[in-house]
Amino acid sequence: MGLTITEKILAAHAGREAVRPGEIVNVKIDLALANDITGPVAIKEFYGMGAEKVFDRERVVLVPDHFVPNKDIKSAEQAKILRTFAREQHLTHYYEVGEMGIEHALLPEEGLALPGQVIIGADSHTCTYGGLGAFATGVGSTDLAAAWALGEIWFKVPETIRFIYRGRPSPYVGAKDLILYTIGQIGVDGALYKAMEFSGEVIEKLSVDGRLTLCNMAVEAGAKNGIIAPDETTLAYVNARAKWPFKVYQSDPDASYAAVYEFDVTGLEPQVAVPHLPSNVRNVRELKGVKIDQVVIGSCTNGRLEDLRVAAQILKGRRVHPETRLIVIPATQAVYITALREGLIEIFLSAGAAVSTPTCGPCLGGYMGILAAGEKCLATTNRNFVGRMGHPTSEVYLAGPAVAAATAVCGHIAHPEDV
Amino acid sequence: MADKLSGRVWKYGDDIDTDRIIPARYLNTFQKEELARHCLEDLDPAFAGRVQPGDILVAGKNFGCGSSREHAPLAIKAAGVGAVIAASFARIFFRNAINIGLPILACPEAVAGCETGDELEVDLSTGTIYNKTRNQTYQAAPFPGYVQDIFNAGGLAAYVRRRLFESQKSEAPRLARIAVLKGDGVGPEVVDAALLVLRQAEALAGRALFSFTEYPIGGAAVDREGTPLPPATLEGALSSDAVLLGAVGGPRWDNEPPERRPETGLLELRQAMGVFANLRPVRVAPHLSGHSPLKPEVIAKGADILFVRELTGGAYFGAHERVEVRPGEEQASDAMVYTTSEIRRVVRLAFQLARSRGRAAGRRPRLTSVDKANVLATSRLWREVVEEVAAAFPEVEVQHLYVDACAMRLVAAPQEFDVIVTENLFGDILSDLGGALAGSLGLLPSASLGDGGAGLYEPVHGSAPNLAGQNKANPVGAILAAALMLRHSLNMPDEATAIEAAVAATLSEGIHTPDLASAARQIVGTQAFAWAVAERLEQFWPRVRYAAQA
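So the sequences go chain by chain: A and B. Throughout the first sequence, residue numbering follows our numbering, covering 1 to 419 in sequence. Throughout the second sequence, residue numbering follows our numbering, covering 1 to 550 in sequence.
Simulated from the structure, these hints should not be mistaken for lab results. Since this is a predicted model, take the numbers as computed values, not measurements. Just to be clear, a hint being listed does not mean it is correct.
To be verified - No more than 20 angstroms apart at the CA atoms, straight line, and that leaves these computed lysine to aspartate or glutamate pairs for EDC-like:
{"#": "1", "chain 1": "A", "residue 1": "74", "chain 2": "B", "residue 2": "34"}
{"#": "2", "chain 1": "A", "residue 1": "44", "chain 2": "A", "residue 2": "152"}
{"#": "3", "chain 1": "A", "residue 1": "53", "chain 2": "B", "residue 2": "166"}
{"#": "4", "chain 1": "A", "residue 1": "44", "chain 2": "B", "residue 2": "33"}
{"#": "5", "chain 1": "B", "residue 1": "4", "chain 2": "B", "residue 2": "119"}
{"#": "6", "chain 1": "A", "residue 1": "243", "chain 2": "B", "residue 2": "387"}
{"#": "7", "chain 1": "B", "residue 1": "301", "chain 2": "B", "residue 2": "509"}
Here chain B stands alone, though its shape is the one from the complex (with noise of 0.2 angstroms):
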């Protein structure tokens, strides 16, 4: 930009807002000469016609008031105006004519010198303002440091382009940190074969996405550690951005003291990781309905429901008591207690997620929320925390049902469900009840979320020590968790999307491990199975384009 400059005054009065420099009526364009034509239309019919290139806009104060629109200080600029010297000007006007390249001054001793016709000079380096016509100097105030660096820089656009040159010369790409934790049994296979899926991702999207650590898990680690969850275990899970689980357990250890055992240290896991809802999604896709216990005439439709348990709460962790009450009699009791806070957040990640399964699936969202509040004054208060977030959430459809008749309906009827949301204890009957639809728990994958998108991602299947080290566990479970970690945590819903119609296209293709043989076209190995999926991830891969220019 010129540092001098001259030109003609045109000279306006105090709050000249942006709907008086271009009206709305023309910012569905932002081309320059379609702006320039109608610059001031509102305010002065004549000026857009007459103006001449370089001539001075001087207005009163709090110039440029009202809106946003870049489009009013591109319109000036368009218009041919050289500078425009104000009493003072609106914030984002002020901003975005520094950002586009239009030079302003706030100079209230020069609006009130200068009429209309006058022969201004300006200085922009010094911001002295020298009127011709009438003889007469004026000093703007200077701009301060900031601004000048951006003006100095050339502009803030060639500002943010050093720095990303600066940011793509000195960082590479900041990869999703994954602790991998592939415990006992069968898990080291299945986590594998996610892991190859994963990999496949990072192939087709042409760079490394992924940071992946392992770490002992289980009896593993008692194994190898003493303790079925070692410190730099736990510590890398905490500094992770997600965390990708096999399965821990196995008669070895079924021996040990409680502290030693496997589960001890995958319960543990979970509660340092605050995780307090337990996804469990359950899809029976019609063509592999004839695994499902159900008869055809129910399940042949398939069904996809997903299950949402509260995992913090409730008769698992209440006071759990046993007393002798006289003599040979003793009592037992489970405390089950919930505060509205627990029910709110779990209710509302169930909200969200009904919301979202929506929008995918393009139909109307349903919740159905599971509870006994015809008994328990625990259901009453989840019932009232579900009606008060439902009204955050009118686009949902919210059912409340008795845990009884949930059970019934899930059995009668799955495909009246979508979203099911309820309890600990419910959680954990109605998600195997739900999961046993599916024919076969190597298919089902899960996922354990707490605040702040960190998740402990694992097949709901066990570590089936039986057929570990065969090649023969069913890796569906593990690679639809991997499918669900980049849903839930790393942002990647296109991906993981991709990843389960893979492993549908590689399902209803016949090929399948050897619990489901009695479908299968081919009868398949966990890795073999692993790279089938791998092979039909790029069909179904998002491609993403950026254009150089929009």
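Just chain A, with the same shape it has in the complex (with noise of 0.2 angstroms):
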């Protein structure tokens, strides 16, 4: 019986011809991070547990991006404790204010996360590396902290539920719709402890930014992993930026699957998730109407090139709601160098939109953007639970980048083809 890519995957770091799930492995880690909130945590234990030396300064990545440029003292200190041990350690990937982006758009640029790698983070969207065809994880900081002492970490090998989509989406259609969609058909804990293989002539289709959004939000389903196979697309990417060899691998066609869901996207409108569970999943038409306060386009799920491009194309020339905000803040000082050469950044200002530099911020209601007590956001980030992004009354809906511009533009939520 064949094994599936994340089978394979995980085999191979296990120094074992093939794993099956349900067993315990050990596996090698190429790549093991952490930011500003789980760092300082994980540096303690590190310590605590007696452990010197970081298994091997290259692959001990380290992103200060939640509350990054520091909001307040206590955020200041937690920053502070990661740059310590970063300049400690001789950490070679640690990412200062000014280089630094949000962790999930950062490492793939800089060819640091690669196909076949296994890649775990203390942040639970580390599974956005999947979309390049690694197997990624988010772990706790404890978790975290042994894998730097070791360079290894235990998993139980997952059962793997494949997801195909065909048809042809509608135009304004995109990863992010085609998350929602599936979150919104499976349940926040769908997959819970499995991981999710996407496939599928429209997963072909997307670009290296779509793929990435699609597995960011694998663990609103509760998975351990989301995971796309390398192919040209994937290779065109990472061939230009690789910082190491890396192997690509394919699920084999008799892999066994827990289940497989087969979608037909065709005609599938955009998509929007209802307070306050990501699976509360809506078409944007039915939501039509819905006053919006603030609006984000951003996160380590939507603040990509390509998101930005969708938003500026619907916002060009147009100005935001008088009767609404509209916050966007590039994911990496890349996207936003290029989105100012390409003229996004202008098109936004324009439209009365605030542009920040790359954070975290506002996704977790940490700050540049934190909603007052009933107030509604829409959001292309990937959590709306209660009091996500601020006051605990406050509500928070999740869009693609098309809706959410559409929706600046309205104050309400609205079709992109409407405004």
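Fit the two chains together into the complex; they arrive one by one in their own frames, and the hints show the way.
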């Protein structure tokens, strides 16, 4: 019986020919990352374990991105712990303000995250790198600290659920709509402890930016990882950047799956997840007229160049509705500078948007766009839990950049066609 | 952790996410008391104030979904909760809870049976839950064996501590394996000088860092084994982390057949190692600019250029043909051939190097790609690939120059250049032109890199047989090659920078070998120069401090 891509990567890193779902395996790690929230806890645990040196100073990556540039004194102290550790350990890949971007946008861009790798990160959206064909999953700080010390981590090999997408999606339907639709179908624990393998003609046509978006939200369905087999599109992207040699894996035709879902997405409309779970998914037209106080375009889910292009196309020559605020956050410095050169930033500023330096800030209610009591926000982010972006009575709607831009112009949730 | 506990139930619903357990606005700290104060604040503002030590949190399915924040189980534990019982747990929360020692039990029956305020008794060793209020007993799913192991070890931290202790007992720290190929002429002298500096680096690190193994190559190998690249040398080089080479060749072997020529050995070694990029940094320090053949007004401010030359393609490796097209008229041709992937890998490396040089030097990186795209098809492909890769490095300023224009600018305004990347033939010519800017070949190192980190490091100069054995050769090229080795193959960039700084300091004090006699305050031999560098290494050596607690 064949193996899935997830099983093959785990087997290769466990020094085994094959592994089967349910087995516990110790695997070598290619990358182990942390941010300014989870890093300080991991650092404390790391030294507390009696460890002195990280297993490989090139492969431990630190990205202060959540509350950085520092939002307050406590955040500054946390960022400082990260910086001090990076210097003590002579880490090659520590990204200071001015170089840093949102970690899950930055690592693929820097050529650090590559196909076939095992990547762990003390951040649940580490699953993003599955978009490049890596096995990538979020862990807690103590797990990460142990991995920093040992260079390996244990996993239970997950069962894989295969998702096949066919058909011709309508214009304005992107990767975000596909993943919201999928989570709407299976629920926030629909893939609990499992691998989500995305395939089919619709996925093949997605850009790398789109694939990263898709895998980014696998964790919102409870999954251990999301993954897309590398193809020409992936290789064109990583070949221009790869920092290290890498290996490409594909699922065998006779691999076994816990379940297979086939979705025909022809005629699928843009999707919006309404409060307070990412699985509360509606067709955007059902929500027409819901008044929105703030729109955020950015995050590790939708802050990449393609997302900004989609938003700019709609915002060009238009203005943000007077009763709505629009905040645009390019995910990395490279996205920012390219958007600047392409004229996207000018479009956003002319439309009346606030454009910020890269940060996770508003997505998790940190800063740079906190909501007051009762306010409604439509965001291209990934979670709409109670109080996620501010006051416990505020509300978050999740959507892709096209709906977000259209909503900013209309002041209420809108289909991009209706702008 | 106690095996048995009892307490009152606090019951909540399905999908309680980590934001509700501890809102992100409190993640600017991981202080326990602070986290406890805000535990479950957005779900039940009364909870944190009223929860009693040992109380039991009961919830529906998918408890702890959302973020990976360890602050969530930490907050619950710090609030005094004795255990969490849920129908199911989100994956990361489950691992985190176990790792920090917060007891968790998955038991849908208990969740269905309990209400807020019930009194429970929980036996953690058996997973048995007794509801005193309702006189019901529930059985939680047992922990998988591996989780039990972590519990038994006293948590993940204790498990890691034990593993680290065992590995410290069993293994000495891994040493970087370096194949030392001293070669011919002045090769052995300059390599010995570089080794002296590397040994000083070990002394400063307080432990062995390198394991050196010497192998013969070039004429010396021909004399001993009849071949310029003996099998043991090749095997040793391929199984090492890096190769440090002196120089090969000399008049003694000039009349040998091609397969016994010392240079053939080096060529074969490069091919076997799969190195595809040759790096030649050329640094003209302002105080040494007097050695440069350029006028002071051009070079007085110095220059700092990194040449990246493609090493495996182009005219040197295409078909070489010679035919008689008609009697007495011969035609010769050399095919200049490149594929996209051959170009891409060297260009990508050049961009990565430009990026890291820019970061280290605190300036915007600039990359000049040199071609002859107005004439050559290979150059047009080259230019397209550069443009493609450039999109991935927007912070790097890219410039295309024709090779003729580049040659002109290199002597007219060398400060304009940062990283230059070009194909094999152009690179061969331009890197020598660039080398001449420094005024002495003895000052220049070179590195040849392939995929995956292994590399070949050598001084640019040749074996200089007329200087051999006289302690006159300039070891700077070899010492700087060792620095390049630390940076590019051994992942010791700070140590590499320290060696470069020590060399610069030695030179700037006017301590020179005879080739730079005109500017010298003190003329020294090869080994004495190396000692002078070694003595100065300490002041630039990176200080590694490992705090006991962050």
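Evaluation of the provided hints:
1. A:74 x B:34: 12 angstroms, holds
2. A:44 x A:152: 19 angstroms, holds
3. A:53 x B:166: 15 angstroms, holds
4. A:44 x B:33: Holds, because 17 angstroms separates the two Cα atoms, which is no more than 20 angstroms.
5. B:4 x B:119: Cα-Cα ~14 angstroms, so holds.
6. A:243 x B:387: Measuring from Cα to Cα gives roughly 18 angstroms; hence the hint holds.
7. B:301 x B:509: Holds. Residue 301 of chain B to residue 509 of chain B sits at ~18 angstroms (cutoff 20 angstroms).
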